[in-house]
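Novice: Chain order of the listed sequences is B and Z. All residue numbers for the first sequence refer to the numbering used here, where the first residue is 1 and numbers rise by one. All residue numbers for the second sequence refer to the numbering used here, where the first residue is 1 and numbers rise by one.
It is worth saying that the hints were derived from the structure and are not from the lab. Be careful, since some hints might not be right.
[To be verified] The list that follows gives simulated cross-link-like pairs (lysine-lysine, BS3-like), each with its CA atoms no further than 25 Å apart:
(1) Lys226(Z) <-> Lys131(B)
(2) Lys60(B) <-> Lys80(Z)
(3) Lys224(Z) <-> Lys60(B)
(4) Lys226(Z) <-> Lys125(B)
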Amino acid sequence: MALLDVEELSVTFARRNQRPVRAVDGVSFSVDAGEVVGLVGESGCGKSVTSLAIMGLLPKQPGLTVGGKAVFDGTDLLKIDDRSRRDIRGRDIAMIFQDPLSSLNPVVPIGIQVTEVLTRHRGMKGEAAAKEAAQLLDRVGIPDPKRRLKEYPHQLSGGMRQRALIAMAVACQPRLLIADEPTTALDVTIQAQILELLKDLVRDSGTALVMITHDLGVVAGMCDTINVLYGGRVVETARRRPLFRQPRHPYTVGLLGSVPRLDAGRGERLNPIPGSVRDLLPWPDGCAFAPRCTRRIDSCVGEPPALVVTHDSRGYRCVNPAPLPGAPGEEVREVVPGSATPGSVPAQAVPDDPPAVPGLAATPSEEDVA
Amino acid sequence: MTIISGKKREKIDRLAELAARDEERGVSLWQDAFRRLRRNPAAVVGAVILTVFLLVAIVGPFFVPYGPTDTMGIREGVVKVGQGLIPGHSAEHWLGYDHQGRDVFSRMIVGARQTLLVGVVATMIGLAIGALIGGVAGAAAGLGGRWGRWVDATLMRFIDMLLAMPSLLLAVSIAALLGPSLITVMIAVGMVSVPVFARLLRGSMIAQSNSDYVLAATSLGVRKSKIALAHVLPNSLAPVIVQATLTLATAIIEAAALSYLGLGNPDSATPEWGVMLADAQPWLGIRPALAIYPAVAIIITALGFTLLGEAMREALDPKLRK
Chain B
1 MALLDVEELS VTFARRNQRP VRAVDGVSFS VDAGEVVGLV GESGCGKSVT
51 SLAIMGLLPK QPGLTVGGKA VFDGTDLLKI DDRSRRDIRG RDIAMIFQDP
101 LSSLNPVVPI GIQVTEVLTR HRGMKGEAAA KEAAQLLDRV GIPDPKRRLK
151 EYPHQLSGGM RQRALIAMAV ACQPRLLIAD EPTTALDVTI QAQILELLKD
201 LVRDSGTALV MITHDLGVVA GMCDTINVLY GGRVVETARR RPLFRQPRHP
251 YTVGLLGSVP RLDAGRGERL NPIPGSVRDL LPWPDGCAFA PRCTRRIDSC
301 VGEPPALVVT HDSRGYRCVN PAPLPGAPGE EVREVVPGSA TPGSVPAQAV
351 PDDPPAVPGL AATPSEEDVA
Chain Z
1 MTIISGKKRE KIDRLAELAA RDEERGVSLW QDAFRRLRRN PAAVVGAVIL
51 TVFLLVAIVG PFFVPYGPTD TMGIREGVVK VGQGLIPGHS AEHWLGYDHQ
101 GRDVFSRMIV GARQTLLVGV VATMIGLAIG ALIGGVAGAA AGLGGRWGRW
151 VDATLMRFID MLLAMPSLLL AVSIAALLGP SLITVMIAVG MVSVPVFARL
201 LRGSMIAQSN SDYVLAATSL GVRKSKIALA HVLPNSLAPV IVQATLTLAT
251 AIIEAAALSY LGLGNPDSAT PEWGVMLADA QPWLGIRPAL AIYPAVAIII
301 TALGFTLLGE AMREALDPKL RK
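For reference, chain Z alone in the conformation it holds in the complex:
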């Protein structure tokens, strides 16, 4: 038997202690995922971007230097669109004026809130409807027997119909049907993401329905509804939550696209990045920066959501867990 030196023994003791503490603390799926997220640089970058975006969207509007709808440039005679005069950045107006003489910096900041609102509400609508349909279909298909398979097939054909249409076309049709307004944009963008959520949750639930713990619960006489809600659903949510993060990114882009196409908020005075992008179009020759600011803002925000979402997908993937 080898003799362990004092130093080595100390090290072993410390390791054992650490291991014991780890055991003591106990890590759930989410705690474990969070720990791995912190170690992933992409996740950190995404989280930082989103934190800044959230801060700007929530508290920014209280600190803007000018009113976002104040056409001061035209009032003061600085902006003369007819003569192609739209001044760029200056000490007072960091990002310059837009074609109606409004302060672009203020509009960008106030627009962040609108953009966030559209993204979140649209995703919520998509998640709620999609998860409801997918959850019912998944539970029915996984646990419901023959009748359940019929329910599942019916619901999924409806989802297939939604999925068959190109997403932007679908959004445009819905928006056109409901008439242009901010709510319309949210509903349209949300509906586009419904099939994704529904299919994801359904697939996840069917997979979970075949697992041993469902069999074990069944063998103990637990009711099917209880198994679906208390056992299958909680185990199926992780991919859906990841998808929600990723959908936030596409929702923002799609909302901007709808605004750009003129199906967004009819009151173009309300600042929103997509509207700003659309408004900048006639002036691209004179002041391309007017389009670049909102475009870059949209890209960076979407990137933040995507980075965090992808990192979460990795962190929560059971196949990648050690």
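Isolated chain B (complex conformation):
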């Protein structure tokens, strides 16, 4: 059995006098121990909300409904009470956030913030905690950890801060780490270092890692399995190699095609996916990606496409997938019909929104959803 099994996770935000927004719409994936799983997608596709829902960190407000299951080691994280959830957080599951500066308390020295976790979950105090904290900082590659423990977050560089946050996250050797765009706020050179560090930690400790990112480079370098999200649903799931070699869903194809390439000719233009996440179709009415899709056919609209699972455990949610080169006899193993709750709209497909101008519409930030 997998370490974490997310089944049909859905998150809906009800709004006053408006149709509810469905930020996550039946996302399923599983994470095995020691495995690195990527959740990929552009802003607003529900990847951060998915992670916050698993952690139970979504702001408790009236109108928030979380459905489905997130089974971690036999317990459904969505059903347990706050007390046991707090015990699990930081000890069994830890999270690394996007912006290391704002995720550290500006007026508290690093050392206190690291030892806090040790005190909370491992009951360490005083000298022992300080020693362990120094070791942790050393382990995540912060030089001169004794001195750094006494320093404030703003005295550390961006990379150091992210390392400190990682140190806090791995302090109790959690079995699952969720990294929500851990390198977005960092320089490219630092990004590589942080990714190396995460890789090392995963390899050394057997920790499973859920990597949430919009950066395909990060995915290519780290993940074993990749789930591509669009409009709150998984549109394609595959192991790393097949996904990069032969993407099936047109969205994945578009994502891969829009990455700027160093070997492209100088005159060549970039290949963005036309439109923005705003022009998506509500899932119940068909494929959310259809308005932006280059392979759109008539049957895209009308009914939500089912998840097609092929013989090599790949899956895609598309009625007209990109063809496999040189593999005519494709064996479809299973077709999972897409469930949809009528009466709700996916995030961003807000009916009263102004019509989006393709390419010009501002992509809503993650905060709009979260």
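Position chain Z against the provided structure of chain B, taking the given hints into account.
Specialist: For chain Z alone, kept in the frame of chain B given last:
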């Protein structure tokens, strides 16, 4: 590639060294604020005024030329109120006598201590009660869920009640209720500032509760009480401290007002600027200076606190930080 001349290179090296030293020293929020305060002329003026005031209030009473309650003017027959004779400044009595023949200069200096005491204690009372209510409400609203919101709403309605009354009226009612005394003045003036502190700390804490580091701490399983005390509260204090400085100014003025209205220390022999101001009223026609001295002293002191407080507000404002 351009060649850098020796002189220029020296300069660059020096800059780099300075930058490195800056980095080395490391500046916390307060150190940074202090540095910027020193560069602000208003803050310096305020600080100088307050230093002088503090010095006078603390050590002044040991060096006064005459006893502040000694009615020497009447004893020596110099002051004859009936005939409208209240002598002004002279070499022996720099600010002259008051209507009871006491040395005004000595009374001003000893009064500084009373005024400071009233201001500080009143502000402390307001800060303590206000911060307690505001802190509990803010933590409850920011982190406590539905039950917390209920606690917050209850506490804040109480604060709204206090806020609905005009401050001086509230102070007068409290003072009248408790009977005139110095302690009464302190409590009354302190209570008036409670809503301000409570609302300020609550708002600040709610804002901080939504920040990323709270989310990060929550994701690590840190308990809510710990998050409220160790993370949210320290980050919310700056505006409250600024407000305390500003409240010192209004507290002094309000204490003077209460004394003036006769709700202050019933023993009018004890020198206090507000009492002196009230006492001077019947004699405005003969010796207006008797009212002007304490009035100017109150104004300058309040100005000092306000200048420093406003400068601190600017220095600590995260939006204005570079």
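Novice: Look at each hint and say if it fits the structure.
Specialist: Tested hints:
no.: 1; hint: Lys226(Z) <-> Lys131(B); result: holds, 22 Å
no.: 2; hint: Lys60(B) <-> Lys80(Z); result: violated, 76 Å
no.: 3; hint: Lys224(Z) <-> Lys60(B); result: holds, 14 Å
no.: 4; hint: Lys226(Z) <-> Lys125(B); result: holds, 15 Å
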